[in-house]
Amino acid sequence: MTVMQAPTYRRAEYHSFDAGGSDFVYLVSAGAIFEIDADVRAVFDRLDGQELTHAMLVRELVSEGRAQEEADGLVRELRQARLIHLGHGMPVAEVPQAPPADFPLQALVLNVTNQCNLACTYCYEFGADKIATPAGKPKYMTLDTAKASVDLLIAEAVGRKAVHITFFGGETLMNFKLLRDVVEYANAATAAAGKAITYSLTTNATLLTPEIVTFLSDNRVGVTVSMDGPPELQDKHRVYKNGKGSYAVIEPRLRTLIAHHKTRAITARVTLTEGVTDVVRIFRHLKDDLGFHEVGFAPVTTGEERAYSLDGNGMDSVLAQFNLLAEEWLEYALRGESHGFTNVSETISELISGVNKSHPCGAGLGLMGVSPSGDLSPCHRFTDADTHSMGHVSSGIDRAKQGEFLAKGHVEAKYDCQSCWARPLCAGGCHHEAFVRYGDTGHANLHYCDWIRQWTDTCLRIYGVLSVRNPGFLERFAERKGLS
Amino acid sequence: MKHLRAINKKAQRIDEAVTQMEAAVSPDADMEEDVVALQQAPRPHVPMGCSLSFSPGWEVDAGGGTAGLCQPVERDIYDCYVTCFWPVQVPDHVNYSPDWASNCATATKDWRSLDLVFP
Numbered sequence: 194m195t196v197m198q199a200p201t202y203r204r205a206e207y208h209s210f211d212a213g214g215s216d217f218v219y220l221v222s223a224g225a226i227f228e229i230d231a232d233v234r235a236v237f238d239r240l241d242g243q244e245l246t247h248a249m250l251v252r253e254l255v256s257e258g259r260a261q262e263e264a265d266g267l268v269r270e271l272r273q274a275r276l277i278h279l280g281h282g283m284p285v286a287e288v289p290q291a292p293p294a295d296f297p298l299q300a301l302v303l304n305v306t307n308q309c310n311l312a313c314t315y316c317y318e319f320g321a322d323k324i325a326t327p328a329g330k331p332k333y334m335t336l337d338t339a340k341a342s343v344d345l346l347i348a349e350a351v352g353r354k355a356v357h358i359t360f361f362g363g364e365t366l367m368n369f370k371l372l373r374d375v376v377e378y379a380n381a382a383t384a385a386a387g388k389a390i391t392y393s394l395t396t397n398a399t400l401l402t403p404e405i406v407t408f409l410s411d412n413r414v415g416v417t418v419s420m421d422g423p424p425e426l427q428d429k430h431r432v433y434k435n436g437k438g439s440y441a442v443i444e445p446r447l448r449t450l451i452a453h454h455k456t457r458a459i460t461a462r463v464t465l466t467e468g469v470t471d472v473v474r475i476f477r478h479l480k481d482d483l484g485f486h487e488v489g490f491a492p493v494t495t496g497e498e499r500a501y502s503l504d505g506n507g508m509d510s511v512l513a514q515f516n517l518l519a520e521e522w523l524e525y526a527l528r529g530e531s532h533g534f535t536n537v538s539e540t541i542s543e544l545i546s547g548v549n550k551s552h553p554c555g556a557g558l559g560l561m562g563v564s565p566s567g568d569l570s571p572c573h574r575f576t577d578a579d580t581h582s583m584g585h586v587s588s589g590i591d592r593a594k595q596g597e598f599l600a601k602g603h604v605e606a607k608y609d610c611q612s613c614w615a616r617p618l619c620a621g622g623c624h625h626e627a628f629v630r631y632g633d634t635g636h637a638n639l640h641y642c643d644w645i646r647q648w649t650d651t652c653l654r655i656y657g658v659l660s661v662r663n664p665g666f667l668e669r670f671a672e673r674k675g676l677s
Numbered sequence: 017m018k019h020l021r022a023i024n025k026k027a028q029r030i031d032e033a034v035t036q037m038e039a040a041v042s043p044d045a046d047m048e049e050d051v052v053a054l055q056q057a058p059r060p061h062v063p064m065g066c067s068l069s070f071s072p073g074w075e076v077d078a079g080g081g082t083a084g085l086c087q088p089v090e091r092d093i094y095d096c097y098v099t100c101f102w103p104v105q106v107p108d109h110v111n112y113s114p115d116w117a118s119n120c121a122t123a124t125k126d127w128r129s130l131d132l133v134f135p
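Chains A and B are the protein sequences, given in the same order.
If you want our numbering, it's the position in the first sequence, counting the first as 1, plus 193.
If you want our numbering, it's the position in the second sequence, counting the first as 1, plus 16.
Quick caveat, the hints were computed from the structure, so don't treat them as lab data.
Don't be surprised by glycine CBs; every beta carbon is placed ideally from N, CA and C.
Wrong hints could be hidden among the right ones.
Claimed, not checked - Keeping only pairs whose Cα atoms sit at most 27 Å apart, straight-line, the calculated DSS-like set for lysine-lysine is:
{"no.": "1", "chain 1": "A", "residue 1": "Lys354", "chain 2": "B", "residue 2": "Lys25"}
{"no.": "2", "chain 1": "A", "residue 1": "Lys332", "chain 2": "A", "residue 2": "Lys480"}
{"no.": "3", "chain 1": "A", "residue 1": "Lys370", "chain 2": "A", "residue 2": "Lys455"}
{"no.": "4", "chain 1": "A", "residue 1": "Lys550", "chain 2": "A", "residue 2": "Lys674"}
{"no.": "5", "chain 1": "A", "residue 1": "Lys550", "chain 2": "A", "residue 2": "Lys480"}
{"no.": "6", "chain 1": "B", "residue 1": "Lys25", "chain 2": "A", "residue 2": "Lys550"}
{"no.": "7", "chain 1": "A", "residue 1": "Lys674", "chain 2": "B", "residue 2": "Lys18"}
{"no.": "8", "chain 1": "A", "residue 1": "Lys330", "chain 2": "A", "residue 2": "Lys434"}
{"no.": "9", "chain 1": "A", "residue 1": "Lys480", "chain 2": "A", "residue 2": "Lys455"}
Unchecked claim - Which chain A residues stay away from chain B? Per the calculated CB distances, all over 10 Å, these:
{"no.": "10", "residue": "Gly484"}
{"no.": "11", "residue": "Ser538"}
{"no.": "12", "residue": "Arg654"}
My request is simple: use the sequences and hints to build the entire structure.
What follows is the structure, given as structure tokens:
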């Protein structure tokens with residue numbers, strides 16, 4: 194015989210933080226952020242480590258001087274917003290739904306060549322942890338392959354008003370002629386299909402010329418430059434095959450780029466390695482001395498420990514400096530100014546929307562990579578890796594392989610993520626990093642969990658302060674990023 | 017909402033949903049949830065494993081599934097026949113299937129003679 198017990202309240206899964214003199218909660222099941230008042234705090238404190246029936250909870254709230262009606266209203270509000278749950282046992286976890294199988298393609302990353310004129314020691318495409326198997330495959334993409342890619346993108350972007358092409362390498366500008374032809378073809382093809390198109394490219398900047406810069410500016414091609422900072426840091430790993438550093442070559446070219454490319458923001462993307470962890474100094478150099486609009490940082494991807502891997506101490510130092518720049522970002526934002534530290538801007542964008550990701554990124558979903566030979570892959574980082582191919586531009590997307598990749602990469606499939614409050618934003622982290630580190634694209638990137646949680650908390654606090662002291666900045670930021 | 021201030025888009029969506037719920041539900045609605053069947057934790061509550069008295073019931077195997085039960089899962093309805101307060105899904109011994117268990121004098125021996133009912 195079953196004994197019927199009265200159901201009890203328990204707290205939902207949330208991360209609480211204070212900022213700007215107020216209390217906030219980040220609701221994990223939704224990715225929602227609420228500022229809470231003292232009454233809500235009182236309910237949460239009551240339910241800390243214990244469960245209470247409705248009658249008991251309300252009685253306690255009333256004993257603190259609240260009217261019965263007020264206490265009932267408070268509990269009802271929290272229940273409706275799902276910050277507390279009534280019932281027996283934990284509610285079944287609310288998992289973000291997988292996107293539909295026919296999720297339309299939005300972007301392609303065209304690896305216009307797998308050749309590079311630099312030999313950066315940490316390169317994921319050519320270095321010790323490479324997964325690409327380019328032997329016997331074309332080194333440069335042909336115009337036919339590129340056209341087939343554009344056609345595939347248009348055909349698979351069902352219902353989308355705009356599509357995007359990123360040009361990537363190797364060194365992208367070693368095949369600039371193709372890039373120019375593709376832009377011409379894609380402009381005409383998308384116009385005929387009634388879609389808009391935007392472009393971006395990533396380059397090491399060694400081959401930039403004034404003519405190329407003019408072309409990029411005229412065609413509103415967003416430019417990301419891979420570089421690591423001032424001369425002694427840039428030249429540590431970003432070298433030519435003979436070991437010569439690349440700073441002296443790119444510096445005048447960058448100045449031309451930044452001075453004359455006026456239509457899109459110019460971004461620097463820094464790879465942090467052992468000995469290249471001076472985040473603040475790198476930021477100052479790239480932002481203030483060279484004039485980049487945005488600067489973003491990411492630790493190098495490595496499998497086992499490499500000479501250039503960042504160790505725990507390196508990561509601690511990096512995070513401490515990230516926090517310094519994050520404080521600066523907030524000071525700028527409070528004055529209504531843009532700071533340029535991409536790592537904060539990106540997270541703030543996601544917090545504005547309240548993303549609750551089923552997958553860490555759009556790889557294999559709205560975005561795919563195309564190798565010079567026309568093989569499709571989840572993203573540019575899997576280019577030319579046979580084990581990760583996902584169809585071909587001529588024959589279309591291999592739906593079975595895509596389904597397998599996405600099933601593995603779903604946050605629900607990552608056991609370790611289920612107890613982490615940062616999973617709506619992280620969803621287990623980069624598929625490629627997971628493969629290099631653990632041999633499985635569906636493995637959670639456990640080596641940076643603490644770091645992700647600390648960073649998410651830092652950005653939540655920035656968000657909280659802004660929501661209290663300069664909410665207008667967040668609104669303008671959302672508009673600028675196309676989020677509103 | 018009175019105590020929560022939504023500060024991102026997802027929270028605003030929840031705010032809108034709560035406002036709609038408030039409009040739909042009268043404030044006096046009972047906040048104590050009704051007692052429902054199988055409500056013991058974890059819900060839905062299903063008794064585990066075999067018991068000493070042979071009473072094929074709402075059983076699951078040690079893994080929480082039905083693959084390892086000591087008898088076919090189809091026979092579970094026997095326990096609901098006559099004795100159960102949950103009559104809808106089982107043979108109706110009053111009106112339509114009064115003889116359903118007439119060939120099953122001893123459940124431990126005769127359970128194979130229980131047949132499915134096709135209404």
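Hint check results:
{"no.": "1", "hint": "A:Lys354 x B:Lys25", "result": "holds, 23 Å"}
{"no.": "2", "hint": "A:Lys332 x A:Lys480", "result": "violated, 34 Å"}
{"no.": "3", "hint": "A:Lys370 x A:Lys455", "result": "holds, 22 Å"}
{"no.": "4", "hint": "A:Lys550 x A:Lys674", "result": "holds, 19 Å"}
{"no.": "5", "hint": "A:Lys550 x A:Lys480", "result": "violated, 31 Å"}
{"no.": "6", "hint": "B:Lys25 x A:Lys550", "result": "holds, 15 Å"}
{"no.": "7", "hint": "A:Lys674 x B:Lys18", "result": "violated, 30 Å"}
{"no.": "8", "hint": "A:Lys330 x A:Lys434", "result": "holds, 22 Å"}
{"no.": "9", "hint": "A:Lys480 x A:Lys455", "result": "holds, 16 Å"}
{"no.": "10", "hint": "Gly484", "result": "holds, 32 Å"}
{"no.": "11", "hint": "Ser538", "result": "holds, 15 Å"}
{"no.": "12", "hint": "Arg654", "result": "holds, 13 Å"}
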